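Chains as they are written, first to last, in the working numbering: chain A, 3 to 307; chain B, 64 to 496; chain C, 10 to 290.
The hints are simulated quantities; they were obtained by calculation from the structure and are not laboratory data. Fair warning: this is a prediction, and the values are worked out from it, not measured in the lab. Treat each hint with caution, since some may be false.
[What the hints assert, rightly or not] Only some residues are given here: those of chain B computed to face chain A with a beta carbon under 7 angstroms:
hint : residue
1    : VAL88
2    : LEU89
3    : THR98
4    : GLU99
5    : ILE266
6    : ILE274
7    : ASN281
8    : VAL420
9    : LEU453
Even glycine gets a Cβ: it sits at the ideal position worked out from N, Cα and C.
So the chains spell out like this:
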Amino acid sequence: MDYFAQQLINGLVLGSIYGLIAIGYTMVYGIVGMINFAHGDIFMIGGFIALITFLILVSFGLTAIPLILLVVLLVSMAITALYGWTVERIAYRPLRHSFRLAPMLSAIGMSFVLTNYSQVAQGARVKPVPPIITGGYTLHEGSGGFVVQLSNIQIIVVITTVVLLALFTWLVSSTRLGRDMRACEQDQTMASLLGVDVDRTISMTFVIGAALAAVAGMMYLLYYGLVDFFMGFVAGIKAFTAAVLGGIGSLPGAMLGGLLIGLIETLWSAYFSVEYKDVAAFSILIVVLIFLPTGLLGRPEVEKV
Amino acid sequence: MQTSRAPGVAFIFKKALISALVALVLFSLMIGVRTEAGSDGQLTYWTRFGDLAMMVATVFGGSIVVELLRQWWGPVGTVRVVPPQVTSALSFAGRLVAPVLLIFTFLVPVIFYNERYILDLGILVLTYVMLGWGLNVVVGLAGLLDLGYVAFYAVGAYSYALLATNFGLSFWICLPLAGILAAFWGVLLGFPVLRLRGDYLAIVTLAFGEIIRLVLLNWQSLTGGPNGVTGIPRPTMFGIPLSPGDDGLAAKLGIEFSPTHRIVFLFYLILALALLTNWVTIRLRRLPIGRAWEALREDEVACRALGINTTTTKLTAFATGAMFGGLAGAFFATRQGFISPESFTFHESALVLAIVVLGGMGSQLGVALAALAMIGGFELFRGLDQYRMLVFGMAMVLLMIWRPRGLIGHRAPTVFLERNQAISSDLVKEGHG
Amino acid sequence: MSADQILDHILSVDHLSMRFGGIVAVNDLSFGAERRKITALIGPNGAGKTTVFNCITGFYKPTSGSMRLAHDDGHNIQLERLNDFRISKQAKVARTFQNIRLFPGMTALENLMVAQHNALMRASGLTLLGLIGAPSWRVAEKAAIDLARTWLERIDLLDRADDAAGNLPYGDQRRLEIARAMCTEPALLCLDEPAAGLNARESASLSELLLSIRANQGTSILLIEHDMSVVMEISDHVVVMDYGVKIAEGTPQHVRDDPRVIAAYLGADEEEAIAVMESGT
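So here's chain A without its partners, still in its complex pose:
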């Protein structure tokens, strides 16, 4: 039971990270109807920028951890957001009203570019960082000596996710930008006729998605203590799986899907085999889609005849 509780905590933390990335996928899908294959790499870039900022700050002799974290978070969000904007500008905007497969391939190409760019720029080797945030709480001490722990870093990941989610929900539901985004999602032509700047709104969607991915990248760095140029691919696929599982286009769905994928992966590793954790996650995706073809919270597609 204690073991299970511990795995549950670990799974939820991992799921939070996936959920943050998944929101980026689901937003972009909702508004332009394309799979942004480069989004996983945006997450990876976010991790790298967080790492570099952290290194620079430490080398300047900064010691106040909360201040460091805040600066790292802001810098990483800002620069990664610009990456998101640039990718949209270069690779997707020219293909906005094109054939459906063209933007998808352009996105795959962009993903290759970003992966290799960071490989070339920062080298192929894994970058480890020493644990930045240590300590934690012992929640329960089991009879067998097994201890259920909640580390500070886990608390930070979950709190950050919840705060960002709240902020983001407010943004989409109560601001002008959010309204424009929802309008573009429904009908771009009509939205533009009513004075919504569609290009800007779509750009902002990419910017916000990338900023959230940057947060996920930083959390990943803090939690696992390493980044490498290839981490975007697997995390990207998992997060996209999460978005689809939750029902693509649905924001709560993306978070729910992220948590589920995180839990499945962690529990499968804990009880069955670590090697097949991804197989388990993907298999569950397939099974869910067979029974719920539009995911858990997705709107069923009504076929107009």
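Add chains B and C to chain A, keeping to what the hints say.
Relative to chain A, chains B and C alone:
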């Protein structure tokens, strides 16, 4: 001519400046700072402001060049009037491309007999041509988006490798078996997922491709895990090995043995397999099943109203594509003599899909040209080493922006009464599945 | 319902209801379509006509009720038990769509070939005979092309046989869609607003086509139509729906004079009501 004349120098300059500024922020940390783990595992960094300045300057200059080029070329979408003589000459030349290419391909081993590198490259290109033609059935004709095509390639390769190494079956027995097994897996995957539409289908096929790869990687006892399968038998010419021994082909023919014989044999083998794929696809297009595939791509609802069983139609497309993938996989295994899960990553699926889309969905010639361009281009950049994928990715983006509809932008009808005229791809749908 | 026993109905719809969540689109609807006759289903916008069509042609599963199709040879098929493609394949019910659904990237001829899919699949030995080019397949293919040619001739599109369907003018596309449905050799042809968007001349030629289909092929026709001139000219029987229920039925003249029908149209759309009333005078 009468509309907006080229914007002024100030505009170009301003645009370039903004691009440079964006580049400066983008590259500031990623290029301006280099991190590396030291020998003690401690991460250190050093700055590279020179490189950063160079990159920003490149973007500035590049932006000016692009802007000038754009003005010289005029707005995208301008209709350029081409004289009718040129058009007819072009269409005449276009009709010659396929036969000329085919004859040339047949002659490649003769012309380049002593150029091992070119022969190897030719084999590689032909393998991708075959994979492209196979996936074209699924994506180009039936309009089903398959992001996990590499799974069937892997099934074919491992089928042959395992059957040959464990049971000593010959290549010629395993080849059809590999095709059948891959088709079987295609049906197995297809059956539950084909009612999914669009991007849901895409992600499920992608997941399936990953599942297959992960199983191959982790099922050590069967597949050898990351070490792969080694010692896969080389193909024989219907039982006669292409080896230096007394029972080898060279000895039987009374000619001197040369390792090139096997390369040439492999070249013609994959050429034959690719042409078989092409022939079957062309035949199928003219049969009701092929027409149903294309109709499905055009309008699934209308298909159902006409009494077409869309599930079996999709399944046959999936299985046919998978079968060709499996055959190509078996060939890959026998050519390499060694396979491992590393050869069957998502990159392969993406590459083959790029070939199909760049070729112009559904066009056989387009797919062949795209395979030649992509694989050949990829080889050209081999010298760039670590920058290769970077250039490849950029090329993919630029090609899509340049020709979103692919190289061959029209569809040939499968049957006609009077005039066999091509249909503009603007009318052709791309499918929802 | 006594008429049901006397008249020879190819399609009998009994107590059909269709609900979408809380919305009742069709409520306890019963009517029949006579064999080798043209039956029109009319009513103001949103009356539930297309929903009825979608139930009959298997795109929706009705909430309750039955739809019986009686073939010439006497065997009956309950349409609500078949789903999507089987309605066309086994029950021989073909349909067209309100917003034309041709295969735009295929030629007119190819569209008609696709419609003969099931017959051609059998002839091609589920593809195997076709792949090896067996003579029996060649004969069948030739026959299919001939059938397509015949239909192209009848809809006056023979000279555009090799043009992409998406390139044809609107009126031609409407006729091609009907020809495509006819190539499945249906017992019952369901047309969803075939005259929508057509000009007077095109409407007239459509009427002619439908009458000739009834006369030459003996196909029973069920159509939804707003163009009252077409309805009054060609239908043998008219069923009027409003808010998901049947409010009247009978001959065109009978229906036209029915005050409930006029009220329904007046309530919904003045122009249409005037069209109904004026169409007879």
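Hints, one by one, checked against the model:
1. VAL88: 6 angstroms, holds
2. LEU89: Holds: closest Cβ of chain A sits about 6 angstroms from B/LEU89, inside 7 angstroms.
3. THR98: 6 angstroms, holds
4. GLU99: At about 6 angstroms, which falls below the 7 angstroms cut-off, the nearest Cβ of chain A leaves the hint on B/GLU99 intact, so it holds.
5. ILE266: 5 angstroms, holds
6. ILE274: 5 angstroms, holds
7. ASN281: 4 angstroms, holds
8. VAL420: 5 angstroms, holds
9. LEU453: Interface hint status for B/LEU453: holds (4 angstroms vs cutoff 7 angstroms).
Comparing the model with each numbered hint stated earlier shows that all of them hold.
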